[in-house]
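Protein chains in written order, with this note's numbering: chain E, 1 to 263; chain G, 264 to 651.
Check the hints yourself; a few may be wrong.
What the hints assert, rightly or not - Cross-link-like lysine-lysine pairs, in silico, BS3-like; alpha carbons within 30 Å at most: (1) Lys196(E) to Lys364(G); (2) Lys375(G) to Lys196(E); (3) Lys499(G) to Lys426(G); (4) Lys470(G) to Lys199(E).
As the list claims (entries may be wrong) - Here are some chain G residues the structure puts well away from chain E; computed CB gaps all over 12 Å: (5) Glu310; (6) Ile399; (7) Glu525; (8) Glu545; (9) Ala553; (10) Thr624; (11) Asn641.
No lab work stands behind these hints: they were computed from the structure.
For every residue, glycine included, the Cβ atom is placed at its ideal position computed from N, Cα and C.
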Amino acid sequence: MKIAVFVKHVPDVAEADLEVAADGRTVKGGELPFEMNEWDRFALEEAVLVKDSLGGELTSFLIGDEAAEESLRRCLAVGADRAVRVWDDGLAGANPFALTAAMRGAIGEDEYDLILCGAQSSDDGYGLGGPLLAEALGVPSVALVNKMKVEGGKVLVTRELEGGWGEEVEVDLPALVTIQTGINEPRYVSILGIKKARKKPIDLMDAVSVGITAERLATEKEKLSLVGIETPAVGEGAEILEGSPEEVAAKCLALLKEAGGVL
Amino acid sequence: MPKISDIEGVTLAERFELSACLQCGRCTGGCPMSIRSPLNSRKFIYESLIREDGEALLEREEVWDCTSCRTCSSRCPRELDPAMVMRAVRTVKIEGGRIPKTLMDAMESSLKHGNPWGRSRMKRTAWTEGLSVNSIEEDKESRRLWFVGCTPAYDPRAMEMAKALARIFEVAEVDYTTLGSEEVCCGSEMLRAGEEGLFEELSEVNKENFAELEFDEVVATSPHCMNTFIADYGLKIPVTHYTQLLAALAVDGALPFGEEGEALKVAFHDPCYLGKQNSIYEAPREVLKAVPGVELVEFSRSRERSLCCEGGGGRMWIEGMGEGERNAQIRVRDAIDMGVDIIATACPFCLLTLEDAVKTTGSEGKLKILDIAEIVVNALDGNERSEG
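Take the sequences, apply the hints, and build the full model.
What follows is the structure, encoded as structure tokens:
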């Protein structure tokens, strides 16, 4: 079984006071800590579980600059056999089409039985990387998978639908599956584990080695361009409750009672 | 899955010289967790001895119940260290990656944000708003560092400790500075939870900060930070707990208490990391005795026999297997029986576990849990009737 997993290194924006940069299309992110995209942690864990139960080889891929290697080290620490990082300055802030072209190029002529991606990334959240890569590879794909079993040349999955519903799907391998959070319990990666992984090699690929010309990159970038981002306008009707936690809780309770809440 | 014998290539028995164990059971007898958890330190040692590889210990989930209070180690007649056996087993489990999710989050947050509470580095100094707090970020230099600690900096309840201390230091004109948002978790709880690599990462940052800024004294809010600076960092400068500084200020008459203090019956709960592990029993009591109106009374289990609150050893982030009444609840009930107004403590973890116990035993209104710094600040001239 040849397995591939794609991971992304993203900023953690919890509690951050985000500001839109002067260009109106990017977020100031200098002070933000970065980490592996949450959905990708589950995809990586699932990939390792499949490898552990069926045997085989797991290759981890990442499109990102040198700082993003931290996420690849996590892959190596939990059991990936190989790590591949693709980077070109032209890929900075690139749209999903350009990134997918790089992902497709990184796979090259190698044939994988199972390719796993997170269902989406917490930074841009397009949810396009997996499906677009499957299209480029000409393999079937299933998205938002929260249960998975590989058996007899097929992968049996449950896709998460609304309202607690699931959809069971059977797909022939090779296939691409995008993983929803909660499918498993990603293991802890110790600092010692990450340090040991620093001794393992990471294969570097640039735009040339993944076969993307400047023209191709420009074409892909034209398919989807970000016009602008803005912080939500401050609306009306919100009341900020001030005071100690006890006071805030008491005010909150009073308001709920006043509004006829069931308490 | 990593093996226990992978650590330094030796068995637990060899590493901790466990063949000297008499199997007398004083460790388990003194353990504050053994009454309500399957945790049995004598058995851990026995199994380390009879099974050469000791791998069966990895199946024992109760290893997460240890609070690292070290009562076991302090009572061993052969001077063995059962608490270190627990830590070593935890370390192997951590390398295998299968640990409680809540602990995993705390560890990842410590690496990413420099605190175990999942909060942003940028918010570390949010508690100082509206207060006068010296910080290197505002060019307030001093050779004495006040290490605030993550829990007093981020937890809304424990923050009152930090606020009270800042106010006392201002009134008593104490020369100090803080690291502001440059402060990073001391790593004590991560080490005791078994994440040795993470402790090294965090301690390196702190050690560099301490050396670069040429501090010649560190005063810690939390006994856990203080202890790790002394026991694990190997700092060459004096490290003290804030109660020692307040005791000295009280002796010098530098704490301007109001003349008429409110009459309060106060029992002091000895934090394990202050008392049992560092033999600091007098300083907190001297501070309390100096507060006008305070009548200090003693729990039957006090000083080296103090009942652990269960907040140490990473237990703030581990639910554990223990069943029945928590130690902190026992503590609260004992205090109510003694008719005290306040259980005073001097540790952010004790403060939080005891306060939780007041709520879970339905004892709100019957007594208060206050940190010594809060009791002092309430009694300062002009503050007497504001709180308390």
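These are the hints, each one checked on the structure:
1. Lys196(E) to Lys364(G): holds, 23 Å
2. Lys375(G) to Lys196(E): holds, 19 Å
3. Lys499(G) to Lys426(G): Holds - the C-alpha atoms of Lys426(G) and Lys499(G) are around 29 Å apart, at most 30 Å.
4. Lys470(G) to Lys199(E): Holds - the C-alpha atoms of Lys199(E) and Lys470(G) are around 26 Å apart, at most 30 Å.
5. Glu310: holds, 24 Å
6. Ile399: With a cut-off of 12 Å, Ile399(G) remains clear of chain E, as the shortest Cβ separation is near 18 Å.
7. Glu525: Check passes; 21 Å lies beyond 12 Å.
8. Glu545: holds, 34 Å
9. Ala553: holds, 28 Å
10. Thr624: Label holds. Min Cβ-Cβ 18 Å, cutoff 12 Å.
11. Asn641: holds, 16 Å
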